[in-house]
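Each chain, written out:
Protein chains: 2
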Amino acid sequence: MTDTLRLGIAGLGTVGVGVVRIIRQKAPLLEARTGRKIEISAVSARTRDKDRGVALQSYGWEDDPVALATRDDVDVFVELMGGSDGPAKAATEAALNAGKDVVTANKAMLALHGQALAELAESKGCALRYEAAVAGGIPVIKALTEGLAGNEITRVLGVMNGTCNYILTRMQDAGLPYEDVFEEANQLGYLEADPTLDVGGIDAAHKLAILSSIAFGTRVDFDGIEIEGIERVTIDDIRHADDMGYRIKLLGVAQKSGRGLEQRMMPCLVPAGSPLGVLQGGTNMVVIEGHAVEQVVLRGPGAGEGPTASAVIGDVCDIARGLRLPVFGQRAETLQEAPAARSVLPAPYYLRMGLTDKPGALAKVAAVLGEAGVSIDRMRQREHTGDVATVIIVTHKTTRTALDEALTAMAATGVVQELPVALRIEAL
Amino acid sequence: MTDTLRLGIAGLGTVGVGVVRIIRQKAPLLEARTGRKIEISAVSARTRDKDRGVALQSYGWEDDPVALATRDDVDVFVELMGGSDGPAKAATEAALNAGKDVVTANKAMLALHGQALAELAESKGCALRYEAAVAGGIPVIKALTEGLAGNEITRVLGVMNGTCNYILTRMQDAGLPYEDVFEEANQLGYLEADPTLDVGGIDAAHKLAILSSIAFGTRVDFDGIEIEGIERVTIDDIRHADDMGYRIKLLGVAQKSGRGLEQRMMPCLVPAGSPLGVLQGGTNMVVIEGHAVEQVVLRGPGAGEGPTASAVIGDVCDIARGLRLPVFGQRAETLQEAPAARSVLPAPYYLRMGLTDKPGALAKVAAVLGEAGVSIDRMRQREHTGDVATVIIVTHKTTRTALDEALTAMAATGVVQELPVALRIEAL
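Residue numbers (UniProt numbering), protein chains in the order written: chain A, 1 to 428; chain B, 1 to 428.
One should not assume that every hint holds.
Which copy? The list can't say, so a pair holds if one copy fits it or any two copies do.
[Said to hold, decoys possible] EDC-like mimics (lysine to aspartate or glutamate), calculated; alpha carbons at most 20 angstroms apart, straight line:
1) LYS124 / GLU93
2) LYS37 / GLU152
3) LYS37 / GLU383
4) LYS37 / GLU333
5) LYS26 / ASP221
6) LYS26 / GLU305
7) LYS26 / GLU152
8) LYS26 / GLU294
9) LYS397 / GLU333
10) LYS397 / GLU183
Calculated from the structure, these hints are not laboratory results.
This is chain A alone, in the form it adopts within the complex:
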């Protein structure tokens, strides 16, 4: 181990600047904790001449991140460019092939290419670390991979996209419709360039894919995730849920059932008073359940310069201290291919539908549910709008298959005005 650990940082957006700032401002602290000096050799970004509010003159510059990744004076390549493919992936591969350790915040790259990258890193004896890729400042990768390594993990769930949680809690608190709050979030700069990544659940699903792999010893399987965004959640749904003691969250859940690995990222109802239920604004939360530890809940800022940089530096410190771990907690070639199971595990569901306001309509719906074996826990008929009455039903535990059967049969009755909204109620 050399005395100094030398970084090459690619990407000088918010997070990159945050990392540079910590390295510059907290050098003595980092040296005390790791026993080594941590320095930046060179950096790379799309434009060189831009005031980023932090002094970069003393570092080398590379226009090409691949050139940065393979410099002789770089021990650790820090990839903060983003994008699942393109330069980020090329430079990460180049770094690993050159025997450099890599720290990245790139959830999309890991969710889509995690297996190949892990195999490459492990074949080269390099570290590939990504604490910043999931839940910002929360050290959840470390908790799952190391702190809870003695557990057979039974479920991982959480709120992993701060923008969606901001939108949902703001709708609830201000009583505003989705479209208004979406626009507000846009104005505040909370949304990705392609907002579908946020509100469509894709970004959060990338994170879930990574957590699932570590938790269950399976290959990262982004395609196996059932994804549903928050676009169809209305202020009425939020109010109905509230009346019944629930909050609506974009919730990621991964658990193993007899049929395979179940990964869902979709709006769900959670108890209002539960740790997830009380989660406000852009904060993230991950709940890890294991056979021994029962339940551990981790909560913290899901994004932002400081928190994300904190996670990147945590990884850098681990590398400086000589920590070497398999990328997903066990060697990549031992990770299993688990078949993707679609909502096999039963749960109660919240249903909202518009019913033709005619005698017998409700009875037809109830009959259809009964025939599919879906039993009703609570039902409320709410306000009428013209000829349509909104009906809210909470079912007893049922499988998604039975529910889908009922929803199809319901459409055939002719009394349901629109595609019912069906949200799972997740137990906590």
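Given chain A, put chain B in place with the hints provided.
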């Protein structure tokens, strides 16, 4: 690194049995994650012939934990006996002197002898790990030492004694007085043999001393902690606090001020809706605040077979994976001696006092507070009992010094019937 990591486990109480169970039941999982077999060579406990519900025949037996700690077939000595001195300390020292790694759950030993043990471990190149010593199953030592290593920590606080939190939340929920709930906790077996360790705040203070050391790079200083137990908290205090939107928690707080390291373990008021405020029963919570990460909150079971064993096994897995870290996050000889500062940082306070029910009494109290520079935010006069009226005052931010001055002057007025209860209101 040998293929197999061999443990010697001293102490076969709840936690010891939990550790044996995980090693036996999850062997393939642990091997997949660490790349090594983890086996038990021998065990030790006070009595050999006792049915502990787990098969121990295949392991060696030692009556003397020191003999266990130094066996040739033991790589890691797992100390689960407890007690700050005596056999636990002797065996830990023997293990380190023999070049063995040590995993312990012993908060008292670390709080009182942490510096010497860390120096010994580091001089021998051995690991000394203690995740289970603080907050049971929550991987908080790891989060603080590793995950958040890029942060200058600004404050660590939390609820670290499940029994006290059980008592306080049960008082609140059932409306029962302290004495009744204390007796109930006793019947349920929640209290230590010496209950002062729990309700007197000692056990939680041991844990805080350990967290402070890691957070601030200071030598463990248990004696520098201001400790106050929950024995004087009444059901009335809980109700008054509730009325004002607060909960009372036995709260540990460590932060650095210009005057030194401030460590407090005492009943405090926290906002009812905050993560700490909503914490129920025996659950623990640690809040870590750092210059970059802002705030991370960790929550989980603070005790019990599974959760504590989970923490022990996490440490064992780290050792199996070759992780070597300084015991308190930086080398023991670099840890500073920080002067202990007593509540230097100002805060609002909750005061409860019994006032002689005479004209002018309240004015006298208000005058005394004003003279000491303590200004009143809210004041309520509550129910009379005989000639005594209970008065609740919430002050604006003040130093403990100014407050103590006021309390002394108050006693001299002759209108205050008993020593006022003064509880800090901790901002979150």
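Structure versus earlier hints - violations, ascending order: 3, 5, 9, 10
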